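What follows is each chain in one-letter form.
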Amino acid sequence: MSSAKEYKTITEVKGPLVFVEKTEPVGYGELVTLRLPDGSAKRGQVLDTSDETVVVQVFEGTTGIDRETGVKFLGETLKLPVSEDMLGRIFSGGGKPIDGGPEIVPDEYRDILGAAINPYSRQSPHDPIQTGISTIDANNTLVRGQKLPIFSASGLPHNDIALQIARQAKVRGEGEEFAVVFAAMGITNEEARYFMKDFERTGALKNAVIFLNLADDPAVERIITPRLALTAAEYLAYDLGKHVLVVFTDVTNYCEALRQIGAAREEVPGRRGFPGYMYTDLASLYERAGVIKGKPGSVTQFPILTMPGDDITHPIPDLSGYITEGQIVISRELHRKGIYPPINVLPSLSRLMNAGIGKGKTREDHKQVSDQLYAMYAEGRDLRGLVAIVGKGALSERDIKILEFADLFEERFVRQGRDEDRGFEDSLEIGWELLATLPENVLSRIDRKTMAKWHPKNRGKEEAMVQ
Amino acid sequence: MERQLGQIYRVSGPVVTAVGIKPRMYDIVKVGHEGLMGEVIQIEREKSIIQVYEDTSGIKPGEPVENTGLPLVVELGPGLLKSIYDGIQRPLPVLQDKMGDFIERGVTANGLDREKKWEFTATAKVGDAVSGGMVLGTVQESASVEHKILVPPNAKGTLKALSSGTYTVEETIGTLDDGTELQLMHKWPVRVPRPSKEKLLPDIPLVTGQRILDGLFPLAKGGTAAIPGPFGSGKTVTQQALAKWSDAQVVVYIGCGERGNEMTEVLTEFPELEDPQSGNPLMDRTVLIANTSNMPVAAREASVYTGVTLAEYYRDQGYDVALMADSTSRWAEAMREISSRLEEMPGEEGYPAYLAARLSEFYERAGRVITKSGSEGSVSVIGAVSPPGGDFSEPVTQNTLRIVKVFWALDAKLAQRRHFPAINWLNSYSLYNASLAPWFRENVAEDWNEVRNECMEILQKESELQEIVQLVGSDALPREEQLVLEVARMLREIFLQQNAFHDVDTYAPLSKQYQIMKTILGFSEKAKEAMSAGAPVAKIIAIPARDELAKARFEEDFDTLIGDIQKQMDTQLEGVIKESRTQLGEVTA
Ligand SMILES: Nc1ncnc2c1ncn2[C@@H]1O[C@H](COP(=O)(O)OP(=O)(O)O)[C@@H](O)[C@H]1O
Ligand SMILES: [Mg+2]
Chain U
288 MSSAKEYKTI
298 TEVKGPLVFV
308 EKTEPVGYGE
318 LVTLRLPDGS
328 AKRGQVLDTS
338 DETVVVQVFE
348 GTTGIDRETG
358 VKFLGETLKL
368 PVSEDMLGRI
378 FSGGGKPIDG
388 GPEIVPDEYR
398 DILGAAINPY
408 SRQSPHDPIQ
418 TGISTIDANN
428 TLVRGQKLPI
438 FSASGLPHND
448 IALQIARQAK
458 VRGEGEEFAV
468 VFAAMGITNE
478 EARYFMKDFE
488 RTGALKNAVI
498 FLNLADDPAV
508 ERIITPRLAL
518 TAAEYLAYDL
528 GKHVLVVFTD
538 VTNYCEALRQ
548 IGAAREEVPG
558 RRGFPGYMYT
568 DLASLYERAG
578 VIKGKPGSVT
588 QFPILTMPGD
598 DITHPIPDLS
608 GYITEGQIVI
618 SRELHRKGIY
628 PPINVLPSLS
638 RLMNAGIGKG
648 KTREDHKQVS
658 DQLYAMYAEG
668 RDLRGLVAIV
678 GKGALSERDI
688 KILEFADLFE
698 ERFVRQGRDE
708 DRGFEDSLEI
718 GWELLATLPE
728 NVLSRIDRKT
738 MAKWHPKNRG
748 KEEAMVQ
Chain R
29 MERQLGQIYR
39 VSGPVVTAVG
49 IKPRMYDIVK
59 VGHEGLMGEV
69 IQIEREKSII
79 QVYEDTSGIK
89 PGEPVENTGL
99 PLVVELGPGL
109 LKSIYDGIQR
119 PLPVLQDKMG
129 DFIERGVTAN
139 GLDREKKWEF
149 TATAKVGDAV
159 SGGMVLGTVQ
169 ESASVEHKIL
179 VPPNAKGTLK
189 ALSSGTYTVE
199 ETIGTLDDGT
209 ELQLMHKWPV
219 RVPRPSKEKL
229 LPDIPLVTGQ
239 RILDGLFPLA
249 KGGTAAIPGP
259 FGSGKTVTQQ
269 ALAKWSDAQV
279 VVYIGCGERG
289 NEMTEVLTEF
299 PELEDPQSGN
309 PLMDRTVLIA
319 NTSNMPVAAR
329 EASVYTGVTL
339 AEYYRDQGYD
349 VALMADSTSR
359 WAEAMREISS
369 RLEEMPGEEG
379 YPAYLAARLS
389 EFYERAGRVI
399 TKSGSEGSVS
409 VIGAVSPPGG
419 DFSEPVTQNT
429 LRIVKVFWAL
439 DAKLAQRRHF
449 PAINWLNSYS
459 LYNASLAPWF
469 RENVAEDWNE
479 VRNECMEILQ
489 KESELQEIVQ
499 LVGSDALPRE
509 EQLVLEVARM
519 LREIFLQQNA
529 FHDVDTYAPL
539 SKQYQIMKTI
549 LGFSEKAKEA
559 MSAGAPVAKI
569 IAIPARDELA
579 KARFEEDFDT
589 LIGDIQKQMD
599 TQLEGVIKES
609 RTQLGEVTA
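Going down the list, the sequences are from chains U and R. First residue of the first sequence: 288, per the working numbering; consecutive thereafter. First residue of the second sequence: 29, per the working numbering; consecutive thereafter.
Incorrect hints may have been included.
[What the hints assert, rightly or not] The calculated lysine-lysine pairs, modelled on PhoX-like cross-linking and capped at a C-alpha distance of 25 Å, are:
id	chain 1	residue 1	chain 2	residue 2
1	R	Lys-188	U	Lys-580
2	U	Lys-309	U	Lys-295
3	U	Lys-740	R	Lys-579
4	U	Lys-744	R	Lys-579
5	U	Lys-580	R	Lys-126
6	R	Lys-126	U	Lys-582
7	R	Lys-579	U	Lys-646
8	U	Lys-654	R	Lys-433
9	R	Lys-567	U	Lys-688
10	U	Lys-580	U	Lys-646
11	R	Lys-606	R	Lys-595
12	R	Lys-75	U	Lys-736
13	U	Lys-654	R	Lys-579
14	U	Lys-366	U	Lys-646
15	R	Lys-227	R	Lys-433
16	R	Lys-75	U	Lys-366
17	U	Lys-309	R	Lys-433
Treat the hints as calculated values from the structure; they're not laboratory data. As the structure is a computational prediction, the values presented were derived from the model and not from experiment.
Only chain U is shown next, with the shape it has when bound in the complex (with noise of 0.2 Å):
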């Protein structure tokens, strides 16, 4: 590999990208490096490759570099070394260990472009994953396999949540082996920190493989972090059997990375400035989630984006949630009010939801307890809207029961602790409480067999009931 010619020959240094001319035939997407004047290493990948101009985005970004440093391309694209011994590790975001620990001697090096499942080879996920909080594990299941985004925005408490969910993830009744990959893209220190601190605490770090690309880090080495985490957790899942949760944050700052070498690239724009093909780049990222037929590990996605000015149809969530298996959004409205977590289940989706609930996966009764609480709460929710404008005075008792209703499933279903672990069943029986307290005639997303069997009423659970 160093015996690779070197050039001297860039004609240009535009934002992340060097023009390099006259070398022999280069070939797409191949490894560069590069060496400055100040005896200092960069890398890069080449985005375009002719006879005359070779373009290569460079990783690090481009500060100190000037038409004498030197460039060497390597004949090959990038590759992650894997190995078992990555769990533990803390690497950059561009994929060197950080924490003073040795270098990976590698099983094996995987492009870190990864390949695309054959949709014949993928089984459809169905495990449903316990996260211990009852937003999602009522009303959003997650499931094995699933690539399930937090839609969050600035000064939201999605750290908390996505650390909680690293820390309390399971699928029940089985002894299999759990693994985290988590990849921060542009955060904080701070927040890095956070993060790091947390997976001391709980002892997570032994199964987990973090790579940090940080705020101060190059920009446009957010484009190869996820990937670089996403081929640990295939090599995790697929070789080893491991069920991979991954962690990434924040999508916003890897898109803001592929708007920047857009726009040094001169390619025309699409909504907001963002790169045309942003969705194909980010299928390349959360398509990478699945469960493969006769393999025993699956690679989960949990990743938090930023909503830029709390927009839901900002290009970013939008095409994430156009891919995505649906979403959990974090209502800065909930957060004002003080609770956490602030998840608000009116525009949270989870399309899998429905292959991993009910009999023999959490409960038979869960589908309609999580209908019927969703319709309760939008109701009463309206019903705010009503009073603000026509007082309570003008409402029926009914809907008096059911505005006291939404305030009640703030209070007692959405909120609990940093640390409270909620199993299936508590987070049913408390929607079970919450619904005893309105008049039976208005759940009529409950079958009869259904009330006859899980009404607190007709367990004789009436003293469990709220009061």
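Assemble chain R with the ligands onto chain U, guided by the hints.
Just chain R with the ligands now, with coordinates in the frame of chain U:
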């Protein structure tokens, strides 16, 4: 044609520029040492610009390029049904066999199995004058479909030999007098529409079993429909419901740039589900094309053409084919991605200027026709559209709406209220209502169209009344109008809402659709009577038969229940009327 060799000049993602070949537009070329498949999409002096269907990492300038001189074709013959292909008709199980669970590049695979033997029964006779599209004989391709073996569209002559027997798709089953050998299989270029004799009027509905679609906004066999909506509003669930329950004989489902898991779901579900028409597994009439969002974009661009060509092929055998493309926006984005690599002058929102033309060429391939063999066949096309931010003013939605005749507008607000299918009944339309009216009258009920129109009027009226309610509350409305609101609510909750995941509710035959509408209108009539007898709205809507109707739509024996419910409704309202009269009497007395 002689093979030409040239070399790569430039590689930029999926777009490769070559010199030294003299291809025609859309010729297929083999790129690089690995011979990756690509298609010429632009010619600029000595440079040929190629979109490559596979990942181009590591490919270098100077590597060889070979022109095959042939366009992108699909293989047409028995064995298409029950298959799952990528965008360029490579069977995914074969790819799995050759390279494992991940799709690596550089693997070629035939669209049709070369080993499998089929039982061919000749129906044409030696000495017959035949021409393109005529039927030579049949093969039982699956339990549901008898495959008609056709003379390739461009062949013509007198049959010199033809014999029944067991053949692979490549073996000769007969010959023409000019020496042309006939096989079970022939090839056709995907970008060229297959010829037919004559287009027919769209006067038969594609019955989908979806109440809001058949009832309010029906699609004709051979018609075109678009279903735009933001993420999570129900595009895929609706497309899959159509693929399951439409009364087409063959279904082509294209997963174009969407999720891998959704295709897997179809693959696991369809063999288990029963086609309500034939009683056979749904998979027996289905071809799947899966070029998911993370598979190469150039193959995504091609997937739509591959799909519609397969659909036309079954149309030419005299079948009604329904084609779903989920999502045409991803196809348009593939065009945009390629176009921007070509540094073409962008049109609106970066889409190429030819976006509108490509969309209309695609939908133009739908239609009900007289085939070259004189039978009737159709291709109905239903395209999902994924507008950014759910904003219908964007170019793909707008250009699509200019072409298609049916617009099923998904609405994020309805989806959030869990009103499914979240199709907005005020914004949606079907331009086939008039041409389909006679069919519904003759085949379902004499007054189908009147019933439908009345339901639509009530829903319209509701939306007007809702505006007033927002301002003054519903109590301020006259009693008659309060009743309209209640009837509209019944229409929404019992007729329009339909749960795609409920075993019974997911599919509603036309008779059931009619009965539900008719019963609700019957209620409305009788309720008006009660009202003029002085009955309060609260009493009228409290009758138990109303709840019974709401539940009946989930019951297997709906047909037997409904008669009873109608009777009960009558008796109960009769009771309300009597009661009010007595009370009224008491008051006056
Ligand atoms: N007809 C329906 N019946 C029940 N649920 C539906 C229906 N249509 C949509 N849904 C719900 O909406 C979710 C999103 O639908 P989907 O078709 O995947 O949306 P899109 O393709 O528009 O993103 C589904 O996972 C399901 O929960
Ligand atoms: Mg969809």
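Which of the listed hints are broken here? Structure breaks hints 1, 8, 12, 14, 16 and 17.
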